[in-house]
Amino acid sequence: MSEQIPQTAEQETIGTKEDKEARAAQEAAGVEQTGVSGHAAPPAEHGDPDFTNPLRDAQDRRLPRIAGPSGLVIFGVTGDLSRKKLMPAVYDLANRGLLPPGFSLVGFARRDWEDQDFAQVVHDAVREHARTPFREEVWQQLSEGMRFIPGDFDDDTAFKQLRSAVDELDASRGTGGNYAFYLSVPPKFFPKVVQQLKKHGLADAGEDSWRRAVIEKPFGHDLKSAEELNSLVHDVFDPEQVFRIDHYLGKETVQNILALRFANQMFEPIWNRSYVDHVQITMAEDIGIGGRAGYYDGIGAARDVIQNHLLQLMALTAMEEPAAFDAASLLTEKLKVLRAVRLPEDLGRHTVRGQYADGWQGGTKVSGYLEEEGIDQASTTDTYAAVKLQVDNRRWAGVPFYLRTGKRLGRRVTEIAVVFQRAPHSPFDSTATEELGSNAIVIRVQPDEGMTVRFGSKVPGTSMEIRDVTMDFAYGESFTESSPEAYERLILDVLLGDANLFPRHQEVEESWKILDPIEQYWATHGRPAQYASGSWGPAEADEMLTRDGRSWRRP
Amino acid sequence: MKIDLTDTTASKINKALVQGRRAIGTPAVGMVLTMVIVTDEENAYDSIKAAEEASHEHPSRTLVVIKRQARTPRDRTQSRLDAEVRVGADAGTGETVVLRTYGEVSDHADSVVLPLLLPDAPVVVWWPVEAPEVPSKDPLGALAQRRITDLYAVENPLEALQTRVRSYAPGDTDLAWTRLTPWRSMLAAALDQARERVISAAVEAEADNPAAELLARWLEARLHVRVDRVVTAGPVVTAVRLGTERGEIVIDRPEGPLATLTLPGQPPRTLALKVRATSELIAEELRRLDADEMYAIALNGEATEETPAHV
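Listed in order, the protein sequences are those of chains A and B.
Going by the UniProt record's numbering, the letters in the first sequence line up with residues 1 to 555, in that order.
Going by the UniProt record's numbering, the letters in the second sequence line up with residues 1 to 311, in that order.
Incorrect hints may have been included.
Using C-beta positions, here's what the derived DEER-type ranges look like [claimed, not checked]:
(1) A:Ile299 with B:Arg276: 42 to 50 Å
(2) B:Asp46 with A:Ala323: 14 to 22 Å
(3) B:Arg166 with A:Asn272: 53 to 61 Å
(4) A:Arg554 with B:His56: 27 to 35 Å
(5) A:Ala423 with B:Asp82: 33 to 41 Å
(6) B:Thr9 with A:Phe473: 39 to 47 Å
These aren't lab readings, by the way, just hints derived from the structure by calculation.
Backbone N, C-alpha and C define an ideal beta-carbon position, used for all residues, glycine too.
Only chain A is shown next, with the shape it has when bound in the complex (with noise of 0.2 Å):
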């Protein structure tokens, strides 16, 4: 053991005030640092702080990345998305034998439980839920590191048996410190848990070791409230110990923007405003609010999809290519793009927002937003929002970037379509030419995740007629069934401390300054458009398009 200057990333990054000072005063001093993020190497836990492992090689490629020791600690444990999302997750990513021996599981919630109650409830989520086989031994592995917690947020003795829980794990589970804090609590929680975290000393790392902070959205719900979000949170753990899930961008489509545009030569060239006509995200549901009346109203599908989700999508469809696939690079091109948007002058014209009124939804009929249990009638909520926005650099400058999202619309998907202008000239007659579309490549996010790519071919038979064609690649048919989900990717990389996949929160504050002005807007103009649940959205929103010379694709 020595006290010799922290060597690798993970070290460096870990975040107590005086260690920032410290390394301000080293940088200024000229000491070499390494980058912060990538596929950095595991805390050192004792030993010789230099040491390389040779066990593991860079063309060994068979190994797997597998976090070092560690353990999660989940809050709000009985939460359904921790049921349906986190807890499986768990469970597959130790079946696919990527979690560390020792890894420990802490679940923190209000019942009455012991661990072997917790333990039964994640195996039932487990059961139900989990994407690969269930098997004892993994099961068994895993269920030896699982503890619970009985409490409120503001119960100090729960935070010290917390505490004491995560001081003993690391004796008998060697976990060396590591510690995961995933919030999956709802937002006005947050500076609770996290004063407390503070305040048991549980957000501080030991040397050698880490302490992070997982929190979900809403991160905030305009500028301001994500500011102070932020900074309560940065209070405690390091910037750069902070990881927002957004699920998306865990998903292997999305993933995959950046090897579609920057592994390959044949679609880069043509991904700008020589080519391009148009560029179309949407999402949308076709569930209604269910039973989360409480948190939607006030908030809308605008804070609650396009403020994160698509104007992700839609940095990483328009950004230019990062320096180096990590956190670092990709963070600087997606800030820059956030910041080249520009909102439409005429706020009206150029955005729309919509409620669900009743109607027939995929063979159900169904009740209108305003009828909706704990809603109030005169909510001006919009569950569907559209925006048209621009992006002020020489690759996009011209071409309008229309993003919508709703529920209770026809189906539930998530795409990205871009659109392509038309041929300058077409030597065919207006006759032959006349069923076809534009071209366009279309990134399906979700479900049936994969790429089509949308041209116009020959009919077959005599006269010469062209029509709409399209190719596909589903990663269904290609690359079946070992695709993980989502949670499973964004928590392994949590644990391994890579932060390439997580927006950071100069990106979440710039994509509110994008939607405040809209939101300001609406809130002063108008009411939300009334659209049959189970349609595409609102008459108007076809109007916004049409104004441009343009319509929705049906998804």
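With chain A held as given, fit chain B onto it using these hints.
Below, chain B alone, put in the same frame as chain A:
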């Protein structure tokens, strides 16, 4: 659906494939590779089953080449090719063609396989049994990017291992090596935690286990220490011990899927180390189709020049 063709040719088989696809209404699925299985009648069923299961992860066209011995001397002089084309639900997620060769065509199986390969897609050859001496020089092996052999299926594995060492060409790989991946990743993870220089090592396994020998050679190459081979009752590899100055790192799997990991100064922990089914091994093999340099290093077992670890 199944189409049986007797005394046929590759172009007729190609036609049958198109016909089969048309009939079930799924023309051109996204198959990513062609898998050629060279086997005998006895092992064909299990191999096809494993390949079909693996095809759920890697949709592929599977070509099964079965060399038949004709019964009568007159038949032996006659050359004949029979084929069984399976598409749709009968063939996992891809297509399967079972080729049975009689007589002279058995020596020219590559002429049947070549026209049936998917255009521009990688080719993998797998010999579940009776792999050729030099896989890369075999007519079918020469068509492939990846050649999979299995040291578990030979009579004298350690001797065969030496043959593999001599005949190695980039693209060769062996299921005995694939079986080690969980062991190797757990050992690497253990060393990530211990962060100690290893000064001694031992591999405990049943006698004549080729995977254990490969594991020992890999450890020797990477750790630059002599690795003791300890014979136990098995099954397969039962334990690996890495000695450091602060104590021993042990992964112990006396039986069954549960192993115990012990690190110096830390409590023992259980971890799941299952013996995997052949289909899982094949699925892992197909994940990367470039040369497996680490397998070459493990085969040779010699300490090679230091390459920097993951940064």
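Notebook entry, point to check: Is the distance from the Cβ of A:Arg554 to the Cβ of B:His56 consistent with 27 to 35 Å?
Noted result: Once the Cβ atoms are compared, 31 Å apart, the range 27 to 35 Å for B:His56 and A:Arg554 holds.
Item checked: Assessment of proposed distance window 53 to 61 Å (beta carbons of B:Arg166, A:Asn272) -> Given range 53 to 61 Å: holds, Cβ gap about 55 Å.
Next item on the list: Return holds or violated for the Cβ distance of A:Ile299 and B:Arg276 against the range 42 to 50 Å.
Entry: 47 Å, holds
Next item on the list: State, for the Cβ atoms of B:Asp46 and A:Ala323, whether the hinted interval 14 to 22 Å holds or is violated.
Entry: 50 Å, violated
Checklist line | A:Ala423 versus B:Asp82 beta-carbon gap, inside 33 to 41 Å or not | finding: 51 Å, violated
Checklist line | Hint check for A:Phe473 and B:Thr9 - Cβ pair distance inside 39 to 47 Å | finding: 33 Å, violated
Checked against the numbered hints above, the structure violates hints 2, 5 and 6; every other hint is satisfied.
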